[in-house]
Amino acid sequence: MGASEEKVGMIRTVHAVLGALMLSLAAMMPAAAQEKTGLKPGFVLQAGTARIVLMRPSIRVGAQSTGGMYEPNADWTDQSRDNIGSALAKAQGGLGNSVRSYVEPVGGDPMKTAEYHALFETVATSVIEYQFFKGNRLPTKKRKDQFEWGLGPDVRKLGGLENADYALFITTEDHFGSTGRKVLQVFAALARVPITAGVHKGFAGLVDLRTGELVWLNADMQMGGDVRDADGADKRVRQLLEGFPGKPLDVVPAVAVPITPAQAAVTPPAH
Amino acid sequence: MRKLMLALLLGLATGAAGESGAIAGDKKPLPLPTYGQAYAPTTVDERGIWMLADEDERRLQDSPSRIKDPELNAYVRNVLCRTVGEDRCKSVRIYIQQVPFFNASMSPNGTMTVWSGLLLRVRNEAELGSILGHEFGHFELRHQLRSFRNRRTGSDIMAWASVLVRNSGDIRYNAWGQIYAFDRAQERDADLIGFQYLAGSQYPSSAAADVWDHAMLESDASAVGRRGSARHKYVAGIFATHPTDLARATYLRTASIEAADVKPAIVDRHRAAMAKWLPIFLNDQIKLNDFGGSEYVIGCLAEGGWSGALLFARGELYRERGNPRDLVSAAQFYQEAIAKGDAPPEAYRGLGLSLLRSQQIAEGQAALATYLRLKPDAADAALLSTLVSR
Amino acid sequence: MSTRHLAALGALTALLLAQPVSAGNTLVRAGQRVAVAKSAMTVMPGTEWNKLGARPGRNSETWTQDGEALNDLTFYGGIEVGRPLFREVDKKNRPLPKVSATMLVTDIPVLLENSYRVALDTSSFGIDVIEPARFAGNDGVRFTYHFSKQNETLQRRGEARGAVIGGKLYMITYEAPGLYYYDRSAAAFRSVADSVKL
Chain A
1 MGASEEKVGM
11 IRTVHAVLGA
21 LMLSLAAMMP
31 AAAQEKTGLK
41 PGFVLQAGTA
51 RIVLMRPSIR
61 VGAQSTGGMY
71 EPNADWTDQS
81 RDNIGSALAK
91 AQGGLGNSVR
101 SYVEPVGGDP
111 MKTAEYHALF
121 ETVATSVIEY
131 QFFKGNRLPT
141 KKRKDQFEWG
151 LGPDVRKLGG
161 LENADYALFI
171 TTEDHFGSTG
181 RKVLQVFAAL
191 ARVPITAGVH
201 KGFAGLVDLR
211 TGELVWLNAD
221 MQMGGDVRDA
231 DGADKRVRQL
241 LEGFPGKPLD
251 VVPAVAVPIT
261 PAQAAVTPPA
271 H
Chain B
1 MRKLMLALLL
11 GLATGAAGES
21 GAIAGDKKPL
31 PLPTYGQAYA
41 PTTVDERGIW
51 MLADEDERRL
61 QDSPSRIKDP
71 ELNAYVRNVL
81 CRTVGEDRCK
91 SVRIYIQQVP
101 FFNASMSPNG
111 TMTVWSGLLL
121 RVRNEAELGS
131 ILGHEFGHFE
141 LRHQLRSFRN
151 RRTGSDIMAW
161 ASVLVRNSGD
171 IRYNAWGQIY
181 AFDRAQERDA
191 DLIGFQYLAG
201 SQYPSSAAAD
211 VWDHAMLESD
221 ASAVGRRGSA
231 RHKYVAGIFA
241 THPTDLARAT
251 YLRTASIEAA
261 DVKPAIVDRH
271 RAAMAKWLPI
281 FLNDQIKLND
291 FGGSEYVIGC
301 LAEGGWSGAL
311 LFARGELYRE
321 RGNPRDLVSA
331 AQFYQEAIAK
341 GDAPPEAYRG
351 LGLSLLRSQQ
361 IAEGQAALAT
371 YLRLKPDAAD
381 AALLSTLVSR
Chain C
1 MSTRHLAALG
11 ALTALLLAQP
21 VSAGNTLVRA
31 GQRVAVAKSA
41 MTVMPGTEWN
51 KLGARPGRNS
61 ETWTQDGEAL
71 NDLTFYGGIE
81 VGRPLFREVD
91 KKNRPLPKVS
101 ATMLVTDIPV
111 LLENSYRVAL
121 DTSSFGIDVI
131 EPARFAGNDG
141 VRFTYHFSKQ
151 NETLQRRGEA
161 RGAVIGGKLY
171 MITYEAPGLY
181 YYDRSAAAFR
191 SVADSVKL
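Residue numbers (our numbering), protein chains in the order written: chain A, 1 to 271; chain B, 1 to 390; chain C, 1 to 198.
For reference, chain A alone in the conformation it holds in the complex (with noise of 0.2 Å):
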């Protein structure tokens, strides 16, 4: 619904896709290579000692329109979160240390907790921005060995994070390129020149309840695997959580019993 938008014939439309073109290029310029994860100078989990909680983890699946807004489509959320939450829960497993699913406690502040979880976002796309991307580092973040990121100390405050040492907090978005970014993408290829329509972020990180500090982070802006079907949120996950810390070098065993997320919500953590 609302007031619609019309683009009257191919030449409009093809100026419309030059422009987006020159902003598409702009936006290219990071370099392939780039750094992706992040971790506290000294910092060191050791498997089996710390109890974490696994926050709810913010899945947004959309379109991106022409103008480059993002538009979410619920259908393809609903199947991602499925996904997800499955890919999550078989790996939760394997990470080395007791992991159980937050639960907002009752009388708990809901919109604490999501805006705790935005705060982490903000800082991850800091991280990727201002000290993972090399071209475009801040001063004050490219001292050699440096990992200065944080949520701050008020962050235990959350109810239901009594009894746990870290909390790991999990999003991805996509933001599959619709119209105008298809459109580009085609004429570019036939150009040859490379274009990604859309946005795939993820993020992983861990935070350090005593301080609010995050001394792990897995961060990047065009994650692989397609959330919206099984193999590519499992594909999706395990990047996400490669080089956990704490996480025991070998693959999970062939016999795992995942904690699934109603589970985990029911028994109290065993440790």
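Incorrect hints may have been included.
[As the list claims (entries may be wrong)] Listed next, the in silico DSS-like pairs over lysine-lysine satisfying Cα-Cα at most 27 Å (straight line): (1) B:Lys276 / C:Lys38; (2) A:Lys142 / C:Lys98; (3) A:Lys112 / C:Lys38; (4) A:Lys112 / B:Lys68; (5) C:Lys38 / A:Lys201; (6) C:Lys149 / B:Lys68; (7) A:Lys157 / C:Lys38.
I should point out that these hints are in silico values taken from the structure, not numbers from a laboratory. Please read all numbers here as calculations on a predicted model, not as lab measurements.
We have chain A already, so just place chains B and C on it with the hints.
Structure of chains B and C alone, referenced to chain A:
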């Protein structure tokens, strides 16, 4: 062999889109589907504890822009129920958001959002009902799902086309055209279903076309205000997902003339429900920096007469644009508002500031002093005092 | 696609790739007075900051400690009559309000508020405290505000100080998420803002 494959592919494309609804001028109305529950909620066990609360809906519930006022929410719900019937309206959860644009939307799980800009612009319950009915139509016809499936088919066709045919430029064009014709047809279907609801309700079906007429007039006014020119195309461009305002106004007007249902549009109850929100929504509208559009909206609201609140709003609008002549007009509007007797005390503030900016210092200071007497605890009282004692 | 279109695309691509990369982010040292926003306005920061290579507009510049979404200290150095606070993204459909020749000190918070409402597509903007204040030796205003962008959960807080001096608008704004970050750099902002000279 290649020609055969081409024909097959195009056949697939057209077949998928073939179920589009009524064509303009088609006498057969789209039949209202028998209502079965369109959305079945899933259980906790099935989807896991963190899937239970739909994240978008949770964000809607907690959004800082959400208007939770029970009276306003009840008013909007009542209009929806009167339009589509009690059975249908039970499955909808309505969220009103303070966003100053004309829009409403519906998701496949029964969440309807209505923006305050829409509430500001509809002139009566029937017009509000026409938009709510349109949105409900998308929900009932499960539109979003169909759109997704069609897109998937389209991209598969394109992938194949590039493999089989050397110069596949034309096929790409057609395949994309098909995908978006589907969406436009869905919008038209929703318009026509919305129309059906109105025709079957206590509201006049002419309200549906009225909404689009007003939208076009406002758009013209806005463009003129920005020194552009107004333009309305009947045929949407190939990539547009909605029929144009003009197209909608036309086919809905035609349908309402045929239906010939004359019923009251219910203006008074609408105005009563909106009364306490008008100053807030008008403030948001004026701050959009769209002089022409805002003038038009305020003018429409004044069809029932210029109240102190509306004259005050007009003063704020002219003062906001702030050209020398505007400041003189603004002072006039504020004075008229004050004379009406039902203007907010802020009218003295606006008057004072307009006069000061027009170099009428003594008069401006006097008006500000009056405001400070009426509202000594105003947020900017200290700042205004510095302007008075200069 | 015709060869004409292809040629145009090729030419455009070549042109774009020949553009110089924008100036990077630079360090602002503590304890040294510096000119900001390409103007006569100077400040002396008490702590380190980073100056972003990208500017919001012609006569403005932004400093940050952790990235502008986490802390944003922006200087507006003499915005002239008829100009907007920062660059317009869509001049035709979403024009920003402009500095006016007859602007009063009460119009400064309004200019900021309305510019943000249009640019950030939000009506979740509120001004909390407004009070008269001296700014670079002139009568001006100090105000605090809160806002969030449309569809964003993060609530942001801001403080601004400014004045119209010689017919131009000078202003310093500081914004950060209300959660943890606003308080974290607030003192550093205040020391910068208190030191402003023209």
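For each hint, the structure was consulted:
1. Under the criterion of a C-alpha separation no larger than 27 Å, the hint pairing Lys276 of chain B with Lys38 of chain C is inconsistent with the structure, at around 47 Å.
2. The hinted pair formed by Lys142 of chain A and Lys98 of chain C fails the criterion: a straight-line CA distance of about 38 Å is larger than 27 Å.
3. About 40 Å separates the Cα atoms of Lys112 of chain A and Lys38 of chain C, which puts this hinted pair outside 27 Å; it is violated.
4. Taking the CA atoms of Lys112 of chain A and Lys68 of chain B, the gap is about 19 Å. The hint holds against a cut of 27 Å.
5. This hinted pair does not check out: Lys38 of chain C and Lys201 of chain A have alpha carbons roughly 36 Å apart, beyond 27 Å.
6. Of the supplied pair hints, the one linking Lys149 of chain C and Lys68 of chain B holds, its CA atoms being roughly 19 Å apart against a limit of 27 Å.
7. At roughly 44 Å between alpha-carbon atoms, Lys157 of chain A and Lys38 of chain C are farther apart than 27 Å, so this suggested pair is violated.
When the structure is compared with the earlier hints, violations turn up for hints 1, 2, 3, 5 and 7 and for no others.
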